[in-house]
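> Using the sequences and the hints given, assemble the complete structure.
The chain contents come next:
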Amino acid sequence: MVILPELVLLTGALAFFMVSLGKTPDRNVVKSIALFFGSATFIATCLSFQSQATLFYGVYAIDAYSQMFKVLIGFSLVLLLIAGQNLKGIDDSVRPEYYLFLLLSVLGLMMLVSSVELLTIFISLELSSFALYLLVPMRDDRTGCRVQMEAGIKYILFGVMATGFMLYGMSYLFGLTGTTYLKDIIIFLAKGHLQPAIVVAVVMVLGGFFYKLAVFPMHFWVPDIYQGASNETTAFIATIPKFGAVALLIRFLTLPTGQSPFLIELLVVIAVCSMFYGNLSALVQKDIKRMLGFSGIAHGGFVILGLVTLKGEGFGLAIYYIAGYVLMNLACFLVISNVSKAGENLQVEDFNGLHQRQPVLAFILTVGLFALAGIPPFVGFMAKFMVLASALRADHLLVVCLAAINTAIAIYYYLSVVKAVYTSNPGERPLVTVSPTIQAAGVLLVVVIILMGALPARFIDFAGTVVQTIL
Amino acid sequence: MDLLLIKEGFPLLTFLILLPLAGGLVLLFCQGEAFARMWTLIITGLTALVSISLLTGFNTGSAKYQFAEAYDWIPRFHINYIVGVDGISILLVILTTFLMPFCVLASWKYIKTRVTAFMFCLLIMETSMIGVFVALDFVLFYVFWEFMLIPMYLLIAVWGGPRKAYASIKFFLYTLAGSVLLLVAIIALYLKSGSFFIPAMMWQEYSLTFQVLVFLAFFLAFAIKVPMFPFHTWLPAAHVEAPTAGSVILASVLLKMGTYGLLRFCLPITPDATMLLATPILWLSIAGILYGGFTALAQQDMKKLIAYSSVGHMGFVTLGIFVLNSRGLEGALLQMINHGVTTGALFLCVGMIYERTHSRELALATGLGKYMPWFVTFLAVFSLSSFGFPGTNSFIGEFLILAGTFEHNTILALAAIPGAVLAAAYMLRMLQKIVWGGTANPDQSYLSDLTIREIVVLAPFLFFVFWIGLGPQPFIDLMHTSVSQLLAQLHTWQQHHQIAVVLWP
Chain A
1 MVILPELVLL TGALAFFMVS LGKTPDRNVV KSIALFFGSA TFIATCLSFQ
51 SQATLFYGVY AIDAYSQMFK VLIGFSLVLL LIAGQNLKGI DDSVRPEYYL
101 FLLLSVLGLM MLVSSVELLT IFISLELSSF ALYLLVPMRD DRTGCRVQME
151 AGIKYILFGV MATGFMLYGM SYLFGLTGTT YLKDIIIFLA KGHLQPAIVV
201 AVVMVLGGFF YKLAVFPMHF WVPDIYQGAS NETTAFIATI PKFGAVALLI
251 RFLTLPTGQS PFLIELLVVI AVCSMFYGNL SALVQKDIKR MLGFSGIAHG
301 GFVILGLVTL KGEGFGLAIY YIAGYVLMNL ACFLVISNVS KAGENLQVED
351 FNGLHQRQPV LAFILTVGLF ALAGIPPFVG FMAKFMVLAS ALRADHLLVV
401 CLAAINTAIA IYYYLSVVKA VYTSNPGERP LVTVSPTIQA AGVLLVVVII
451 LMGALPARFI DFAGTVVQTI L
Chain B
1 MDLLLIKEGF PLLTFLILLP LAGGLVLLFC QGEAFARMWT LIITGLTALV
51 SISLLTGFNT GSAKYQFAEA YDWIPRFHIN YIVGVDGISI LLVILTTFLM
101 PFCVLASWKY IKTRVTAFMF CLLIMETSMI GVFVALDFVL FYVFWEFMLI
151 PMYLLIAVWG GPRKAYASIK FFLYTLAGSV LLLVAIIALY LKSGSFFIPA
201 MMWQEYSLTF QVLVFLAFFL AFAIKVPMFP FHTWLPAAHV EAPTAGSVIL
251 ASVLLKMGTY GLLRFCLPIT PDATMLLATP ILWLSIAGIL YGGFTALAQQ
301 DMKKLIAYSS VGHMGFVTLG IFVLNSRGLE GALLQMINHG VTTGALFLCV
351 GMIYERTHSR ELALATGLGK YMPWFVTFLA VFSLSSFGFP GTNSFIGEFL
401 ILAGTFEHNT ILALAAIPGA VLAAAYMLRM LQKIVWGGTA NPDQSYLSDL
451 TIREIVVLAP FLFFVFWIGL GPQPFIDLMH TSVSQLLAQL HTWQQHHQIA
501 VVLWP
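Protein chains in written order, with the numbering used here: chain A, 1 to 471; chain B, 1 to 505.
Accuracy of the hints is not assured; some may be wrong.
Using 30 Å as the maximum straight-line C-alpha spacing, the simulated DSS-like pairs for lysine-lysine come out as follows [claimed, not checked]:
no.: 1; chain 1: B; residue 1: 170; chain 2: A; residue 2: 286
no.: 2; chain 1: B; residue 1: 192; chain 2: A; residue 2: 311
no.: 3; chain 1: A; residue 1: 183; chain 2: A; residue 2: 311
no.: 4; chain 1: A; residue 1: 23; chain 2: A; residue 2: 341
no.: 5; chain 1: A; residue 1: 154; chain 2: A; residue 2: 286
no.: 6; chain 1: A; residue 1: 31; chain 2: A; residue 2: 88
Hints listed in this document are in silico derivations from the structure and should not be mistaken for laboratory results.
This is how it looks when you write it as structure tokens:
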């Protein structure tokens, strides 16, 4: 039962496939099935947490590293399903299909973190991506100008291009080393058969994951897709796939290329460009999802900054950072999905006076935004602080200063939302009602965000040790 | 760790930090405005009472950090939970704990909407303020330092005046932008010294360039908080828009964090840079004193007037710190307390007028003397104290600072003197208008004098004004050992390192 989570997800996807064949059931039934399979997945990931195995002729590794990511993915999935349970932007008739593809995409990500062979990685990634491409245009056509179609097409075109890069890089790796198994590639490279072409190959493969993580220069899809997809879909795109991206970035960065100074320089440049691009662009955004999209690019930069040390400690911190980031983002999107009346996009001024219209959501959003801005005692601060400390330890003083300055830039746009929530007059905007489960999920997120920020020692130690096992 | 006097048994400082936080968490679950007010008063009062045992248990003969507690927090990065007080911080802790009950009382009627949330903000504010003063681990310090922005931001943004959105964002941006490089400096110091324990970073052999860079990062963060002259523009905006309790906390405690930071971190961690850069900072202080005085003279808004007077007074404090002698430093520390007492009281007074007239305009508050005799009596004493009238607390502080400045450099001291005169000018101008006004006073006959609650709020401030003014010795005794230890170390350091002094003759 080492692949229990994958099996649960697959069962869930098949169940939704069956549901989608018949007459469309009541939306509550669909919602309950989704929540059931989401929780079952999380429980399954916890059950199989200690498993160790290598399956399918060594292409699929169940180890501490993959299981940790699966637990994180499972946990986020449950919260995501609870937060977006109303699926306001999706038509009733396609909801079973929506969940079918959502679960398939998560399945792809779970497989991705376990994959240790190039073709398996590719297949898992495509399973996850293509399911995701389909989720975007499933939004109902509220504006009449089919922005969701445009977003879907952009997403798939950019995605296919990134995949092309990655495949090309993989073909190099295979051509140079004669194997597609990561561990054999490492052994081959460790013997000293190093060529500059290896770096080209690794960088191209990394490019594919930079696309998933949405960092400069593979970020172009972010704003339009965030805006064009429904709130719930964006919540998914903005959170769970990042785990897969970071997991695989770390796997590929452990490859000995013999050119680590070059890789480090490249990563540093990517990190700095992402931060400045993301934060400066976010400053002028009016649409909250676009803003969070750009903020995500900046946070991607911070994750990359954790990776630049190319050491276990930095990798552990990158995992800590992305886990924190996903939680903070989930908290924000939980509020966005529920403040939105019928699934429409929200402008910043739509949050005016939220503290009078729905105090609990206002509180959750505020915590989420302050955490994203990196104010203590939330996880965003601790993660940022640790990443900066590890980068400075590796003597990247200039980059650390630039990153710190970025924190100061970023606070402005996060605060502008908080300002709308607390100081602006609600005007004609109606009260917001949310179910107690959603509120409870939000409060749980807040508690986890605070706990992970105030008592990070165990998580960081754990992530650090687990990363050591794959080095 | 021989710098710490570890407290066995009851963890007093942790209790002081956690009690308001726990009280705040209770408020999250219990709604009800009357309960929230009462509960917050009880919690803050209890915190104040418990903090008295700090005074009784404090050993004035030791320069060590007392009541210290040390626990592991994030061992992988050598981050620990270490708290302790010494002569520099103890008075500030006491000031904070004693001020809070009066802030609650001052908000009793003033805050009418969302009372529970307001009290919650006050309580977590108190937690973070105490935390800043007692933290001996730099990460712990930074966590409290930054976290404080959130409740303070909300205090201004939710319960503030008409331009609250602008003022609160400005406050947040300024302070945060100042402290981001502080974070980098902290990490850099950690990498040099191997731990985040603040005393372990002091008096280390860092290169001069490193010291100057760290000093500048510190200085930017703390100078914005103080606020020193070119960085002061957030202060009037924030003061004017904040509710009374917010203004009092801002003036009495938050500004002190800047000077506390300069004293606690800049001097011992970067002594060479401090000596190298002291002169320009001294002149910036003079600029602040004069600029604050002249601007205060022109204000029509009472809160703005007091806000600009704060710029001037805090200029005296930084002046006292950077003359680097015992009179100056002790005067500066005392002046920090004095400013907390006097300016806090002045803001409370303005708040009381505002509750009655709903305006902070000086012109609308003229001629109150006839109808509010109790009120103007209090106001007169606090105004006299504000410009350092002999017999009141600020006199002692300013006198010590000026004496220290004369010892350091006569021209500098002469340049600071007009500041004291200006203070008298703007304070007496305000007092004259409020008490007597002119022929065109608005009709004030509807005003009622202070209630018992308001007298209870102001009386302790009056008590401290005269106590520090007439018998400051107990206060100076508390700080003396730590200050002289700091200066002794600085002078030993100076003798070994003559480089810095040569550069600024």
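> Would you mind confirming whether the straight-line C-alpha gap from residue 192/B to residue 311/A stays at or under 30 Å?
holds, 20 Å
> Holds or violated: residue 170/B with residue 286/A, Cα cutoff 30 Å?
The hint holds at about 20 Å.
> Residue 154/A and residue 286/A: Cα distance at most 30 Å?
Between residue 154/A and residue 286/A the Cα gap is close to 21 Å, so the pair holds against 30 Å.
> Please work out if residue 23/A and residue 341/A have their alpha carbons no farther apart than 30 Å.
holds, 27 Å
> Can you confirm whether the C-alpha distance between residue 31/A and residue 88/A stays at or below 30 Å?
Holds - the C-alpha atoms of residue 88/A and residue 31/A are around 12 Å apart, at most 30 Å.
> Hinted pair, alpha-carbon criterion (30 Å max): residue 183/A, residue 311/A. Please report holds or violated.
holds, 18 Å
Comparing the model with each earlier hint shows no violations; every hint is respected.
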